[in-house]
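For the protein sequence lines, the chains are A and B, in the order given.
Counting with this note's numbering, you get residues 1 to 369 for the letters of the first sequence.
Counting with this note's numbering, you get residues 1 to 351 for the letters of the second sequence.
Do not take every clue at face value.
Here are the computed lysine to aspartate or glutamate pairs in the EDC-like style, where the Cα-Cα straight-line distance is at most 20 Å [as the list claims (entries may be wrong)]: (1) LYS110/B x ASP132/B; (2) LYS13/A x ASP102/B; (3) LYS110/B x ASP251/A; (4) LYS261/A x GLU284/A; (5) LYS105/A x GLU63/A; (6) LYS261/A x ASP251/A; (7) LYS210/B x ASP19/A; (8) LYS13/A x ASP143/B; (9) LYS18/B x GLU345/A; (10) LYS282/B x GLU261/B; (11) LYS206/B x GLU189/A; (12) LYS110/B x ASP19/A; (13) LYS114/A x ASP148/A.
Keep in mind the hints are simulated off the structure, nothing from the lab.
The chain contents come next:
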Amino acid sequence: MNVLTRLNNITAKTLFHTDSIGSYLEPIMQRIKPAWRTHWFRAQVLGHQLLRADVVQLELSPENAWPQAIAGQHVLLTVEINGRLMTRPFSISSAPDQSHSQYPKKRVIRLTIKTNIDGAFTATLLANIAAGGYVNLSAPQGEFTLSDSVLSQPSTSLWFVAAGSGITPFMAMLNQLALLPRQPKNPIELVYFAKVGEHLYVDELMALQQQLSLFTVKLLIRKHGHNLADALIDCTVKSQVLICGPSQFKDDVDQQLDAMKHPKAQRQAEFFQAPTFAQTAAGEQHVNLTQRGQQSQLVLAANDTLLSGLEQQGISANFGCRIGVCHQCQCVKKSGVVRNLHTGEISQPGEQLIQLCISQAVTPLELEL
Amino acid sequence: MNKNINFEQLATELDELKRQTLDQVGASDAAYIRKVIVWQRALEWGGRALLMLGFLHPVWWAIGVLSLASAKILDNMEIGHNVLHGQYDWMNDPHINSLQFDWDIACDGKSWQRIHNYEHHTYTNVIGKDRDFGYGLLRLSNDFSWRLKNLWQFITYIYLSVLFQWGVSYHELAAERVFMGKKKQGRASKVDASELKRRFFSKGGKQLCKDYLVFPLLAGPLFLWVLCGNLIANLLRNLWTSTIIFCGHFTSDVHTFSQAECENETQGQWYYRQVLGSSNIKGGKLFHILTGHLSFQIEHHLFPDLPSSRYQQVAPQVQAILSRHGIAYHTGPFLRQYSQVVKRILRYSFP
Numbered sequence: 001m002n003v004l005t006r007l008n009n010i011t012a013k014t015l016f017h018t019d020s021i022g023s024y025l026e027p028i029m030q031r032i033k034p035a036w037r038t039h040w041f042r043a044q045v046l047g048h049q050l051l052r053a054d055v056v057q058l059e060l061s062p063e064n065a066w067p068q069a070i071a072g073q074h075v076l077l078t079v080e081i082n083g084r085l086m087t088r089p090f091s092i093s094s095a096p097d098q099s100h101s102q103y104p105k106k107r108v109i110r111l112t113i114k115t116n117i118d119g120a121f122t123a124t125l126l127a128n129i130a131a132g133g134y135v136n137l138s139a140p141q142g143e144f145t146l147s148d149s150v151l152s153q154p155s156t157s158l159w160f161v162a163a164g165s166g167i168t169p170f171m172a173m174l175n176q177l178a179l180l181p182r183q184p185k186n187p188i189e190l191v192y193f194a195k196v197g198e199h200l201y202v203d204e205l206m207a208l209q210q211q212l213s214l215f216t217v218k219l220l221i222r223k224h225g226h227n228l229a230d231a232l233i234d235c236t237v238k239s240q241v242l243i244c245g246p247s248q249f250k251d252d253v254d255q256q257l258d259a260m261k262h263p264k265a266q267r268q269a270e271f272f273q274a275p276t277f278a279q280t281a282a283g284e285q286h287v288n289l290t291q292r293g294q295q296s297q298l299v300l301a302a303n304d305t306l307l308s309g310l311e312q313q314g315i316s317a318n319f320g321c322r323i324g325v326c327h328q329c330q331c332v333k334k335s336g337v338v339r340n341l342h343t344g345e346i347s348q349p350g351e352q353l354i355q356l357c358i359s360q361a362v363t364p365l366e367l368e369l
Numbered sequence: 001m002n003k004n005i006n007f008e009q010l011a012t013e014l015d016e017l018k019r020q021t022l023d024q025v026g027a028s029d030a031a032y033i034r035k036v037i038v039w040q041r042a043l044e045w046g047g048r049a050l051l052m053l054g055f056l057h058p059v060w061w062a063i064g065v066l067s068l069a070s071a072k073i074l075d076n077m078e079i080g081h082n083v084l085h086g087q088y089d090w091m092n093d094p095h096i097n098s099l100q101f102d103w104d105i106a107c108d109g110k111s112w113q114r115i116h117n118y119e120h121h122t123y124t125n126v127i128g129k130d131r132d133f134g135y136g137l138l139r140l141s142n143d144f145s146w147r148l149k150n151l152w153q154f155i156t157y158i159y160l161s162v163l164f165q166w167g168v169s170y171h172e173l174a175a176e177r178v179f180m181g182k183k184k185q186g187r188a189s190k191v192d193a194s195e196l197k198r199r200f201f202s203k204g205g206k207q208l209c210k211d212y213l214v215f216p217l218l219a220g221p222l223f224l225w226v227l228c229g230n231l232i233a234n235l236l237r238n239l240w241t242s243t244i245i246f247c248g249h250f251t252s253d254v255h256t257f258s259q260a261e262c263e264n265e266t267q268g269q270w271y272y273r274q275v276l277g278s279s280n281i282k283g284g285k286l287f288h289i290l291t292g293h294l295s296f297q298i299e300h301h302l303f304p305d306l307p308s309s310r311y312q313q314v315a316p317q318v319q320a321i322l323s324r325h326g327i328a329y330h331t332g333p334f335l336r337q338y339s340q341v342v343k344r345i346l347r348y349s350f351p
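Looking at chain B on its own, in the form it has when it is part of the complex (with noise of 0.2 Å):
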């Protein structure tokens, strides 16, 4: 870690702002995730309404797709990503709040909570600790040595993007070797084996169910017309969240760290972490609510219990604050740091 920071007022600044910022968090924010979760539904129901107005023309048809499509985005990124972080459990709203919600995705929120919320929050881009960082699949950083199935790993990473619910409802199972390979020694699982595997094959069957079961059948002869429409509007979500995620964490600028540089690590350290192990992408305000104001990682990352109406406002402070301190702060338009991810997912598919 940079020695020549002085991290006890990094973290005395940060603190500060998350304070100023908690004590604004109040009736306007609670007003902006309802409104966010009425449009969700309004999408939602005009999306699966419009897949049956296809046989008029098939433009009703594809609005619909898109439609749909916006509504699973906004569940998955602003409303579900950020409410299952407890964001807006200040609330006490009985059914917004990070121990109720669960998503439209095949993950279960709670599976997820473990993962995402506990592992890579607290280990973000720590190398063995934080799953996040490749997935398991892919390899994106000289810590991991070089082998044979990394020559092909681009074809692996679209793969992911296109079943990507499916790989996050798997990650848990996978790090726990619940189908197979052998159980890594010293990993305390919390939830046992056949637990997990229930959870997955419920939460799983149930999506699978609704949209390629129930909805194309109440859509009676227009089975097939729902079917297709569901399938792509999973589809473009799958595509989307994963492209964002990826933006987060894996340009080119971003870190790794070893666990023996986390060992014993101060508040102003695990900021530090936090920064270098993040990238923001520039957008306007709807595309950073599509986002999840995932597209504010670096805020997110730092305080990923604010809510998320909150991240366009801290940004610039968090900003001055860190290049106050001399350290990097990520960020570009979306396809620059696309590219980037793309770069990087080649470049370490060679040795």
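Chain A extracted, bound-state conformation (with noise of 0.2 Å):
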């Protein structure tokens, strides 16, 4: 912690009892600007578009104190819903020195949302935001990206393997690739698996496909009978491999890649998890806890309440009333959908203040005590 940091905590801490001297201003500050937190970026939303029925493209307009993104990172957007303050993580879909034909001075980026009827934050994300308003931005992260050493080894053919919106990281690569100065000697293969009339951004491929003399795109139905073992036949031990799409597609693709005898060392993948609300054979929960900056590995009993289910594990977590009145329980769920056992109420699977005496974990859950 540098001093000026240091100075900035101990002056808030006793002149404003807050963490900071911005959090004590935040109010006021979101009075003059919309969203402003001192926990964010602030961006605001230049303009919103279906790409189809359940996908939506989003572009902002980062501040200029956001730190620029790596092709294929992605972002937690925070946006207000109906009074609450919602993350959710989202690959940016555009390179990072792309510039935008109607806002040729603005840095924008683009993110790509596929909907769902039931997402309390996707459903209603588009009656929640309007051109002109402001959303919130964490810094770019992950590190699913491609890195300078495999550019520079010609021999080296890349592979981009997709499916769904898992496509969203490697629009950024591949936008970002077409702005080199120089072509990219590397071969580039991307298999594109979606189902059908549902592969997204096709006229931009197709004229990335014009720009990159050497990329080749596969767009895959696995209703037509489309499969892994031909989309990957010409993929070689020396190639570098880069997997986006669900958890069992990233599974497939790992199996299909084994069985070539491709190197692990040469896969990245970055995959979501729907959520599923499956839990072990035994009626189980796996809770990923974070105490004190220590972690560990825990096994549940999914009928339990995650107080007891903590105790009987010898984790001593604060508690009070154990009837949900008291919040002494109250901790940080960084991910992981919890059930409210006094309103029957299903959580969001995003960050959010739980009372532990009174939840019960529903998917994998991931703590902070």
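Please dock the two separately framed chains into a single complex, following the hints provided.
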């Protein structure tokens, strides 16, 4: 921590009872600059369009302080939905250096979001953002990016293997490669599985195929008999393979590549878990717990409250009334779904405060005590 | 406990009311608490600035004191009390939540949460369990045997009100017998004594340093003006919060309960006890905000984590449900409620 940060924190703690001067001023700043938050960057919504009935493309202009992303990274997008701040991760589908025809002077990023009518976040997203309005972004994060060392070895072919909305980080990478001053010398193969009529960015991919001489696109549909074995047949042990899609898809690709003796060291993957409500065989749920900076993996009985489950594992969590009144056992759920035993309500999958004494794990959880 | 009440039905109706009200909670409630915070900041800094204009005319200083006192009252009651209860946790705001928030009084927010949110709200008015009933200083019912010191307990009460923030701060340490007295048997403390001491001095020290050293020093030659202004603002806040809180639980109609009565209590019986253990104060909208909506003590005790922005709305519905079940709903104008408190303190000064 540098001296200025320390000074800020000490001043804020003594004079304002907050962790920083910014957090004391936040509600006032928000009157002047909507959605101004100390924890996050601000981005203005430039516009949004429906790419498909269930896919929204957001164009955002992040504030200047937002660190530049590397193609392939994702951000946490925070939107205030009916008074609640909700946060979800999304890949950036535009290249860092890509300029926008409509806003030549602004730094614009594009997020491509698959909506779900049952999702608390994506279902109401369009109703909660308006062009000109503001949302919040985290710094770009993730290591699903192209390494320079791969690009400096022209003999290494690049394989982009995508399924469904897993195409998004590849759109960023491909656009970035097209912007390079010199054409990349590596052959680039895109293997893109989707349902009939659900391939995204087809026109843009065709245009990229024109721009990048060594780039080939394969738009595949399982229903039409396309399969991974055929699609990956030309992949060699020296190829660098990047995989993005649902976790099941990633497992399938791994299995296929293992069978082809492709080394794991030459694979990168980013995958998303659809919120499954599955428990382990014995009615248990996995919990990833962070307590005072220490991480631990636990398996708790899924029909027990989280509080007594943790206690049975010898974890001493703070508690009070044990009936949901006093909020002493409040803790941060980083991710996962819980059931509120008082209301029967099923929670959001994102970060939230929960009461351990009246919460039950519905999916695997990440908790911070 | 009263056997003629259908507790199951009572619980169902109150649960349903809570559920319906929580369903409506949203953007307007978030905007409300942020607006109150903005007002608090404006009153605080307006007040601190005016304190330094006392040399132009003392009336500026006096307005400054009132402004700062109002800011401290808002911070303590409508913001602090309610945010620390977790009433606004659903907003997912990184600062406006019960884990992060701390307030502008001598008491460490975490200590208050243990004593108030847990003990007081779970065991409201259960003698021997809820130490907020008389704060271990005052005899307020015949459940306690009379002692000589009760003779001058009205003076003790005045002291407590004047130093209320320090009373609240010391409350947990007194219960844990950190400095003196014999530790009670069977009382498992969750935080050890040295940690309690450390937090007591750390938070209290910061408060003293801020109001009586840093801000006066920043005022330079106006050191004394600012110091006195801060002192009076803190005093006004102490008197106000103490008075409102005493009206919530120590009016003449308020019941007490024995530990045996509350064993194996159902949700309906718990609601019933919360109602009989509390009393409301009638008043206007601004009055309710300045009390942190503790003027709706009954509603607050039924639904401690319902956002304060909703108490005015649920009150008539709560009253209707209670009257259908023949349960008393204690309320009245401020002066009537407060005179009952004074009478109660005086009455139990004697055997």
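Self-check item: Satisfaction of hint between ASP102/B and LYS13/A, Cα-Cα up to 20 Å
Solution: Measuring from Cα to Cα gives roughly 9 Å; hence the hint holds.
Quiz item: Keeping to a limit of 20 Å between CA atoms, is the pair of LYS13/A and ASP143/B held or broken?
Solution: violated (42 Å)
Practice problem: Assess, step by step, whether the Cα of LYS110/B is no farther than 20 Å from the Cα of ASP132/B, and give holds or violated. | Solution: Satisfied, since the Cα-Cα distance of roughly 16 Å is no more than 20 Å.
Exercise. Could you grab the alpha-carbon distance between LYS110/B and ASP251/A and see if it respects the 20 Å cut-off?
Key: violated (46 Å)
Quiz item: LYS210/B and ASP19/A: Cα distance at most 20 Å?
Solution: holds (16 Å)
Quiz prompt | Pair hint LYS105/A and GLU63/A, alpha-carbon separation not exceeding 20 Å | solution = holds (13 Å)
Quiz item: Straight-line Cα separation of LYS110/B and ASP19/A no greater than 20 Å?
Solution: holds (15 Å)
Quiz item: Has the given pair, LYS261/A with GLU284/A, been kept, meaning a C-alpha gap of at most 20 Å?
Solution: Between LYS261/A and GLU284/A the Cα gap is close to 35 Å, so the pair fails against 20 Å, i.e. violated.
Quiz item: Within a Cα-Cα threshold of 20 Å, do LYS206/B and GLU189/A meet the stated pairing?
Solution: Violated, at roughly 63 Å.
Quiz item: Do the alpha carbons of LYS114/A and ASP148/A lie within 20 Å of each other, as the hint requires?
Solution: Judged against 20 Å, a Cα distance of about 30 Å means the pair is violated.
Quiz item: Has the given pair, LYS18/B with GLU345/A, been kept, meaning a C-alpha gap of at most 20 Å?
Solution: holds (14 Å)
Self-check item: Hint consistency between LYS282/B and GLU261/B [alpha-carbon to alpha-carbon, up to 20 Å]
Solution: Roughly 30 Å separates the two Cα atoms, so the pair is violated.
Of the numbered hints stated above, those contradicted by the structure are hints 3, 4, 8, 10, 11 and 13, listed in ascending order.
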